[in-house]
Amino acid sequence: MTTAAISVRDLTIVRGPVTAVDHLSLEVPSGQVIGLLGPSGSGKSSLMRAIVGVQVMESGSIDVLGQPAGSPTLRAQVGYVTQDPSVYSDLSVLANLRYFAQILGVTDDSVERVLDQVDLREVADRLVGRLSGGQRSRVSLGTALLGSPQLLVLDEPTVGLDPALRRDLWTLFHQLATAGTTVFVSSHVMEEASRCDRLLLLRDGRLLAEGTQSQLLERTGCQDIERAFLAIVEGGAS
Amino acid sequence: MTARRTWATARRVLAQLRNDPRTIALILVLPTALMTLLAWILPDSEWQKYAPPLLGIFPMLVMFLVTSVATLRERTSGTLERLLSMPMGKGDFVFGYAIAFGVLAIVQALVVAGVCFTLLDLTVRGSAPLVVLIAVVDGLVGTALGLFVSAFAQTEFQAVQFMPVALLPQFLLCGLILPTEELPTVLGWISWLLPLTYAVNAMQHVVVDTQLDTRFWVDAGVITGMAVALLALGAVTLRRQTR
Numbered sequence: 001m002t003t004a005a006i007s008v009r010d011l012t013i014v015r016g017p018v019t020a021v022d023h024l025s026l027e028v029p030s031g032q033v034i035g036l037l038g039p040s041g042s043g044k045s046s047l048m049r050a051i052v053g054v055q056v057m058e059s060g061s062i063d064v065l066g067q068p069a070g071s072p073t074l075r076a077q078v079g080y081v082t083q084d085p086s087v088y089s090d091l092s093v094l095a096n097l098r099y100f101a102q103i104l105g106v107t108d109d110s111v112e113r114v115l116d117q118v119d120l121r122e123v124a125d126r127l128v129g130r131l132s133g134g135q136r137s138r139v140s141l142g143t144a145l146l147g148s149p150q151l152l153v154l155d156e157p158t159v160g161l162d163p164a165l166r167r168d169l170w171t172l173f174h175q176l177a178t179a180g181t182t183v184f185v186s187s188h189v190m191e192e193a194s195r196c197d198r199l200l201l202l203r204d205g206r207l208l209a210e211g212t213q214s215q216l217l218e219r220t221g222c223q224d225i226e227r228a229f230l231a232i233v234e235g236g237a238s
Numbered sequence: 001m002t003a004r005r006t007w008a009t010a011r012r013v014l015a016q017l018r019n020d021p022r023t024i025a026l027i028l029v030l031p032t033a034l035m036t037l038l039a040w041i042l043p044d045s046e047w048q049k050y051a052p053p054l055l056g057i058f059p060m061l062v063m064f065l066v067t068s069v070a071t072l073r074e075r076t077s078g079t080l081e082r083l084l085s086m087p088m089g090k091g092d093f094v095f096g097y098a099i100a101f102g103v104l105a106i107v108q109a110l111v112v113a114g115v116c117f118t119l120l121d122l123t124v125r126g127s128a129p130l131v132v133l134i135a136v137v138d139g140l141v142g143t144a145l146g147l148f149v150s151a152f153a154q155t156e157f158q159a160v161q162f163m164p165v166a167l168l169p170q171f172l173l174c175g176l177i178l179p180t181e182e183l184p185t186v187l188g189w190i191s192w193l194l195p196l197t198y199a200v201n202a203m204q205h206v207v208v209d210t211q212l213d214t215r216f217w218v219d220a221g222v223i224t225g226m227a228v229a230l231l232a233l234g235a236v237t238l239r240r241q242t243r
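Protein chains in written order, with my numbering: chain A, 1 to 238; chain B, 1 to 243.
Everything labelled a hint here was simulated from the structure, so no lab data went into it.
Heads up, some of the hints might be wrong.
What the hints assert, rightly or not - Here are the computed distance ranges between Cβ atoms for each label pair: (1) L30(B) to G66(A): 39 to 45 Å; (2) G133(A) to T36(B): 32 to 38 Å; (3) Q67(A) to T185(B): 55 to 61 Å; (4) L127(A) to T155(B): 23 to 29 Å; (5) D224(A) to T155(B): 38 to 44 Å; (6) R243(B) to Q67(A): 21 to 27 Å; (7) V233(A) to V69(B): 42 to 48 Å.
What the hints assert, rightly or not - Interface residues of chain A toward chain B, partial, derived using beta-carbon atoms under 8 Å: (8) T82; (9) I103; (10) L104; (11) T107; (12) L127.
Owing to the predicted nature of the structure, the values given are computational and were not obtained by experimental measurement.
Beta carbons: idealized from backbone N, C-alpha and C, even for Gly.
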């Protein structure tokens, strides 16, 4: 039994007129690749923002690596990648990574390691704004890997990437998990379920179901997670 | 807040500027061209009187615009959110920007004042380097105001609209159009709350006084204090958690 990397208790987040997360409680075990699956608007990004401590919470609490979310000491231990690549488009790949490395207080060795991990060495000197969308999101991912974080929170990191690259990234996520990092990754693409060790299904800010893919398929008697999701939604409604 | 992170941020902002030579050219060429136009229009006595205060107004204007747009871009691109989820002090962000744009303000003041003092025959009785110094501090006030208002803007259109709100009243009340003593009483009081008034006042001292008395240094001290206070306010009002 592993201890939880993230435990969320009775969390509510209100963004504008919308209750994005509604009395949500869940646990994310450490050292695994955990998928947060749900349609867009289901509260995935709000939950992730709260976990990394940049979201105002209405009520409830989150513990991350044993400390309340947003604690200053967590900032060096948690890597976060937002949905849109949040890097400087008017700087080169290398300049971006070097800057964030300095903020994190890690050496240029980390920059070298990350260039290989996200396979950007050939374009290291190019301006990020001139790169393809997929390359740009890899710069953003690479930035989160710089500090060798214990927890990686990745908001839809594989959107718009070509299949070969997506496969490589999932391989990387599993390598990181094997090395002890908890990888908490969201997606609205249900097929990505098969890549995760464990799944959390989110809808309308609430936890619909959790478990391994095979557990969920067995429970619903469905062939794939897309159908299982539907079966749970419709089962819950009746 | 650490020197390393503040300095890294300043260097990063300067690197971004270096990759945008057109903006640098605009920042240096436009005020110089406007001063040249003014020197051409005004009779010499008027030019000698108005040029130094204007040398203080340009950096504030330009730095305000550059800073509010640059920090807004950090907000909308998500880079600010990312930085604040890292071990980054709010002061690192604000003072990093202040250092980078301070460097830019120094270059701008040197170029514009340099052209005025050499090609455009501007003369002051006081010390010309002090004109540059006041101009730079004014640029920092502009940077601080820009950082501050960018928190209230959601789009770049909105940020640009804040410029007249933040700067036009200062321009009207700073003593350039009407000496502050001749303003209606209440407006006179208000004018002494605004940094530009002190800048214009200090510039006017340099124009007429060969020996600078304490009044000049009080004015210079007040604007510097205001610049630092506004930057600190910008750091304090930066929110790590947003809705």
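Hint-by-hint comparison with the structure:
1. L30(B) to G66(A): 39 to 45 Å: violated, 55 Å
2. G133(A) to T36(B): 32 to 38 Å: For G133(A) and T36(B) the Cβ distance comes to about 45 Å; the hint is violated.
3. Q67(A) to T185(B): 55 to 61 Å: holds, 56 Å
4. L127(A) to T155(B): 23 to 29 Å: At roughly 24 Å between Cβ atoms, T155(B) and L127(A) fall inside 23 to 29 Å, so the hint holds.
5. D224(A) to T155(B): 38 to 44 Å: Given range 38 to 44 Å: holds, Cβ gap about 42 Å.
6. R243(B) to Q67(A): 21 to 27 Å: Given about 23 Å between the Cβ atoms, the range holds.
7. V233(A) to V69(B): 42 to 48 Å: Because 44 Å falls inside the window, the suggested range holds.
8. T82: Result: holds, 5 Å to nearest chain B Cβ.
9. I103: Hint on I103(A): holds, closest Cβ of chain B at ~5 Å, below 8 Å.
10. L104: It holds, given that the least Cβ distance between L104(A) and chain B is near 6 Å, below 8 Å.
11. T107: violated, 12 Å
12. L127: holds, 7 Å
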